[in-house]
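Visitor: With the hints as your guide, set chain B onto chain A.
Protein chains: 2
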Amino acid sequence: MTIEKTDKTTPSRYANQRAHYSEEVIYSILDEALFCTISFCVNNEPFAIPTSFVRKDDKIYIHGSVGSHFLRQLTTGTPVCITVMLADELVVAKSAFDHSVNYRSVVVFSKSEIIDDYEMKAEFFKRLTEKVVPGSWDYLRPMKKSEVDKTMLIAFDIKEASAKIRVGMPYAAESDDTNLPLWSGLIPIPQKRLTPVADQFSQDIPLPEHLK
Amino acid sequence: MTIEKTDKTTPSRYANQRAHYSEEVIYSILDEALFCTISFCVNNEPFAIPTSFVRKDDKIYIHGSVGSHFLRQLTTGTPVCITVMLADELVVAKSAFDHSVNYRSVVVFSKSEIIDDYEMKAEFFKRLTEKVVPGSWDYLRPMKKSEVDKTMLIAFDIKEASAKIRVGMPYAAESDDTNLPLWSGLIPIPQKRLTPVADQFSQDIPLPEHLK
Chain A
1 MTIEKTDKTT PSRYANQRAH YSEEVIYSIL DEALFCTISF CVNNEPFAIP TSFVRKDDKI
61 YIHGSVGSHF LRQLTTGTPV CITVMLADEL VVAKSAFDHS VNYRSVVVFS KSEIIDDYEM
121 KAEFFKRLTE KVVPGSWDYL RPMKKSEVDK TMLIAFDIKE ASAKIRVGMP YAAESDDTNL
181 PLWSGLIPIP QKRLTPVADQ FSQDIPLPEH LK
Chain B
213 MTIEKTDKTT PSRYANQRAH YSEEVIYSIL DEALFCTISF CVNNEPFAIP TSFVRKDDKI
273 YIHGSVGSHF LRQLTTGTPV CITVMLADEL VVAKSAFDHS VNYRSVVVFS KSEIIDDYEM
333 KAEFFKRLTE KVVPGSWDYL RPMKKSEVDK TMLIAFDIKE ASAKIRVGMP YAAESDDTNL
393 PLWSGLIPIP QKRLTPVADQ FSQDIPLPEH LK
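Sequences listed follow chains A and B, in order. Counting from 1, position 141 in the first sequence corresponds to residue 141 in the working numbering; the numbering is continuous, with no gaps. Every position in the second sequence, counted from 1, becomes a number in the working numbering once 212 is added.
If you're looking for bench data, these hints aren't it; they were derived computationally from the structure. Hints may be right or wrong, so weigh each one.
Just the calculated beta-carbon pair ranges, DEER-fashion [stated by the list, open to error]:
{"hint": "1", "chain 1": "A", "residue 1": "S175", "chain 2": "B", "residue 2": "N228", "range": "54 to 60 Å"}
{"hint": "2", "chain 1": "A", "residue 1": "P206", "chain 2": "B", "residue 2": "D369", "range": "48 to 54 Å"}
{"hint": "3", "chain 1": "B", "residue 1": "G289", "chain 2": "A", "residue 2": "K145", "range": "38 to 44 Å"}
{"hint": "4", "chain 1": "A", "residue 1": "M1", "chain 2": "B", "residue 2": "K371", "range": "28 to 34 Å"}
{"hint": "5", "chain 1": "B", "residue 1": "R339", "chain 2": "A", "residue 2": "K144", "range": "46 to 52 Å"}
Computed from a predicted structure; not experimentally measured. Think of the CB as a built atom: it goes at the ideal place given N, C-alpha and C, for glycine as much as any other residue.
Chain A extracted, bound-state conformation (with noise of 0.2 Å):
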């Protein structure tokens, strides 16, 4: 399926190059992504704040505190900004301005929508978790109601939305430049998960499976 394009999700910049409407690209972004940027307004200034996210069908969830002043201002109708971006790899060309960033990254205009159904809000803390550590939710001890009736869960629609896309080497607006005798190519700067370090608590306590 393919989002339909407007005027806010055209880059000027590399538009054909670049610009994904498709759900797959989009939504495989936002499922790798373990954290966006909500940008919203008010009184036509801008506040913006990065958080984790889960994305289910065509919807993003969000969550926090009840006692959260940032959540409280997204109330039901709130213009929103989200964006995403992986950076996978440093471009290094053989002049500084042909340097760039393969990225994949995300925009996502939308509303926001507060969700008070305790079964939506528990399935959400099942889906964050398991995106963020995988296969752990059968591992932990049970939610209980009142932390479910602690959080707020506040979600948004993915009707206007693309990605923007960068792979591959470095390209010389310079044609000249490629004979330089100078080292170009890519510096790959994934996110890497490195070992596990248990704390005071778990000293004794072998490392799950899904951990290893």
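Guide: Same frame as chain A, but now just chain B:
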């Protein structure tokens, strides 16, 4: 030096434990992070874009093509919110509820200022290149005047800003949880630079010292 706290830079959650206002702390996060997200409003609707940046003294600088529709909206005096987040560790608790993330984030409220000075633009190029690939500036094909001319530079004062930092192990909201025979601790998720990969124009060119 400490940056003066304002209503906008006082978080509603964990303000005492996690918020920081010293320039030293804020600048160190800005200097480590390669990317920020710039948010602004047009007719009370939010727009946001992830981009690379550099800090020098008490200013953040971003650049782009003079043909960028996004950059041309940031005329001098446009209010912006700039966010940066470094995700350091996943915090794995014995309950889903107590899961968290160790992060270092910065939020800056500022206004854009177009810089049209050739020397400042040239200096920015050098600083950005050295931030992304330290030690590379003197190795590269020297910058051309036409490249500087094609580039827009925008500055933002760091006068209204705060950092928010979470460090350390999970804490159990329900103290009984600490006795559960479940593993808890941290999973480090650093962004690592891996071995550089040469492009087709660099197969016979030795990897320079600064990239080893």
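Visitor: If a hint holds in the structure, say so; if it does not, say that too.
Guide: How the hints compare with the structure:
no. : hint                        : in the structure
1   : A:S175 x B:N228: 54 to 60 Å : holds (58 Å)
2   : A:P206 x B:D369: 48 to 54 Å : holds (52 Å)
3   : B:G289 x A:K145: 38 to 44 Å : violated (50 Å)
4   : A:M1 x B:K371: 28 to 34 Å   : violated (45 Å)
5   : B:R339 x A:K144: 46 to 52 Å : holds (51 Å)
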